[in-house]
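Colleague: What follows is the residue order along each chain.
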Amino acid sequence: MIEFKLPSMGADMDEGKLLEWRVKPGDPVKKGDVVAVVDTTKAAVDVESWQEGTMHEQLVGVGETVPVGTVIATFLEPGESAQGVAKRAKPPTAAAAAPAPAPPAAPAPPVEPVAAAGRKPVSPAARARAKELRVDVETIAGTGLQGAVTIEDVEKAAAAPKTGADRAAQMRKAIGAAMSRSKREIPHYYLQEPVPMARAVEWLARENEKRPVTERLLMGVLQVKAVARALAKAPELNGFWTDGAFRPSAAIHVGVAISIRQGGLIAPAIHDVERKGLDELMRDLTDLVARARAGSLRSSEMSDPTITVTNLGETGVESVLGVIYPPQVALVGFGRIDVRPWVEDGTVKPVSMTMASLSADHRASDGIRGARFLAELRERLQHPEEL
Amino acid sequence: MKRMSYREAMRQALREALASDPRVFLMGEDIGLYGGTYAVTKGLLDEFGPERVRDTPLSELAFVGAGVGAALAGMRPIVEVMTVNFSLLSLDPIVNSAALYRHMSGGQLGVPLVVRISTGAGRQVAAQHSHSFENWYASIPGIKVLAPATVADARHMLAAALADPDPVVIFEHVQLYNLEDEVPEERGTDIASAAVRRTGSAVSLVTYGGSLPKTLEAAAQLAAEGIEAEVVDLRVLRPLDMETVLASVRKCRRAVVVDETWRSGSLAAEVMARIAESAFYDLDAPLARVCTEEVPIPYAKHLEDAALPQPAKIVAAARATLGR
Amino acid sequence: MKADDIKSRVVEIIRTVAPEVEAGEIRPDRPLRDQVDLDSMDWLRVIVAVHEKLRVDIPEKDYAKLRTLDDWALYLQPKLERTAG
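Chains as they are written, first to last, in the working numbering: chain A, 1 to 387; chain B, 1 to 324; chain C, 1 to 85.
The following block holds chain A by itself, in its conformation from the complex:
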């Protein structure tokens, strides 16, 4: 916050009477802008600003006389928000100043700690509590020293009714922008491949029968792992298209599309999927879904998926042909798992199936690579015990 003080406009000036405000609260102020007009007893003088910011509060009313050096207004610094900036007491006017000796001013705190440069001040306790409550401290206005987020701020934010509408609207906008860019820039090609799921379904049922409730696996975890394994055969699907070139990624961070209850969609990453076992992936997925819905994802999870997997089968659709999330170059979709007629050795038999699909960026790969990937994915899902 910038304090705008009544300057001395002449050696003999020791007070001034405010005649007019030229800038309203909320108005931007540039260097050289006239902020107010002040009567110095010699003349009405335009008082200019030497600083840049936004008018926050006018502390002196028109017609009031105050001594030189009085803070007559406060500006917000560029980038500073009005939240968390404390309101100031109005200064006493010269006329109102009593002749009796003023009581000694309350001493200032001995040291003003300096907030970390470029970082939102958050107390250690507040940060720890925010983690517990899965609240994003970046979204909280602080009320502590220098606008720091305190533990109380975090608890209030966690308890506050969710502004679902705001968040949903914002998310809608973000999805719109990303998907428009995708369809504008990425030449998609689409492939589909039916994948028999009987083995995976049976294996999962057997496995979950052995496991306590808290350690059961979901089919989604098998699918995510199978995708990571299959990517070994198609590295041109894993990575980013940036600055006109494909940059493959050695690590496989699979973004999982998670729908948000208030509306919208988010696809944060499970990191290093190729290196993790199913149990660990299940724990990661559970944690990720919970945090995605609580709105407390880490920025790395948001920004670094190298490929995305979406599963719309649960809503009952047969298949999904997704839109790639830029700058990624591929998206794998799974539809409903259903029993379907399947021809094998000249006979028709009922088999559990799902339709796996691939949307891929033709700049980074060709259909033949995509086809090889889907074949590999199908193969991997036939050996669930190896995942």
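For the record, the hints were derived by calculation from the structure and aren't laboratory data.
Fair warning: this is a prediction, and the values are worked out from it, not measured in the lab.
Heads up, the beta-carbon is just placed ideally off N, CA and C, and yes, glycines get one too.
Please note that the accuracy of each hint is not assured.
What the hints assert, rightly or not - No farther apart than 27 Å at their CA atoms in a straight line, the calculated lysine-lysine pairs in the BS3-like style are these: (1) A:Lys24 x A:Lys5; (2) C:Lys79 x C:Lys53; (3) C:Lys53 x A:Lys210; (4) B:Lys42 x A:Lys131.
Claimed, not checked - Partial chain B-side listing against chain A, Cβ under 10 Å, derived: (5) Arg3; (6) Gly49; (7) Pro50; (8) Phe133; (9) Pro141; (10) Gly142; (11) Arg253; (12) Ala273; (13) Asp284; (14) Lys313; (15) Val315; (16) Arg324.
Given chain A's structure and the hints, the job is docking chains B and C onto it.
Modeller: Leaving out everything else, chains B and C in the frame of chain A:
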């Protein structure tokens, strides 16, 4: 319960020590005929005679050194040093002898010496009689450092100090001598723990000695604003009872340390460092301290007042930790 | 535990997973997943919460028996009585 002054409590403690243990004797400048600069030993010369209440020459080095020797030889000397400023002359026998012998003799020699030192400012006796150096003593392994801040502690800490087989330095703040309070009859107190003097949950005010009454006054002012401060009296400056301090800080999540030593290298600095080491993740605001301004304590009343920690400064620091 | 109590406990648990659900909104005789947006992860969280709060383990093969709130009451009642006895 009996009502008495801090000075009277100290005198009773000394009288009791002299009466109950023939090895105990007092030594110091002007403690006999004059009755002590702060009148603590008044009447004791008549009561116990010049063998046991000894006036000394003006040489802290000599008479504190003599105290170390007497303690080594099996006596239980209680040596009074008129002000902490003068105690600098006796640093050698305390720091280089008393504090070390247990260690250097492989545990064979103890120095059961008690040194009473008056400390602190506020009586307009100017810079050479007004400083606070208890933080220096509190940094020395081998001695215990006490700071009785209540009349009850003045009455009972001495006996515990005498019972200790190693040297104990007791700091008595000059502004406390006229403090009056009820003293419980039951004898005995520990010289190991800090004490919570007022409970609260908004901010911990950690202090000791002469700053305790100011801190309690600040806490009362804060309470009037709806801020319930907890006041922790360190009582023992070495070794520090951090358990009590940390429990309070963990509850309040904010702390202001109030200490009449100079800010740089103050005892407050040590307490804050330990809080930051052990309770960083419990903190909800930066740690703060109220210490003495880094000037020689001024003679003029208004300047002396301005240089020292005062309730208004403590209130401001406490408010700031709450963002107010 | 009475059937109604069981149903309200189950609704309570569902609300921890799907907070937008109003207690009175769920018809006990209609399929839950038609009325509440529960994907497989949500469903698993409900099952885990039932395990933690009511101390009843539900094997995966029984999921199909738990379509409506009435089903839940029918399914849990004998199990809860056993634990209580």
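Colleague: Each of the hints needs a verdict: does it hold here or not?
Modeller: Evaluation of the provided hints:
1. A:Lys24 x A:Lys5: holds, 16 Å
2. C:Lys79 x C:Lys53: Between Lys79 of chain C and Lys53 of chain C the Cα gap is close to 13 Å, so the pair holds against 27 Å.
3. C:Lys53 x A:Lys210: holds, 21 Å
4. B:Lys42 x A:Lys131: Answer violated: Lys42 of chain B to Lys131 of chain A is near 62 Å, above 27 Å.
5. Arg3: Status violated, d = 34 Å.
6. Gly49: Since the shortest Cβ distance to chain A is 50 Å, the answer is violated.
7. Pro50: At about 49 Å, which exceeds the 10 Å cut-off, the nearest Cβ of chain A leaves the hint on Pro50 of chain B violated.
8. Phe133: At about 20 Å, which exceeds the 10 Å cut-off, the nearest Cβ of chain A leaves the hint on Phe133 of chain B violated.
9. Pro141: violated, 30 Å
10. Gly142: This hint is violated: Gly142 of chain B lies away from chain A, its Cβ roughly 33 Å from the closest one there, beyond 10 Å.
11. Arg253: holds, 5 Å
12. Ala273: Hint violated; Ala273 of chain B Cβ to chain A Cβ min 15 Å, cut 10 Å.
13. Asp284: With a closest approach of 4 Å, the Asp284 of chain B hint holds.
14. Lys313: holds, 5 Å
15. Val315: Hint on Val315 of chain B: holds, closest Cβ of chain A at ~7 Å, below 10 Å.
16. Arg324: holds, 8 Å
Taken one by one, the earlier hints fail for this structure at numbers 4, 5, 6, 7, 8, 9, 10, 12, listed in ascending order.
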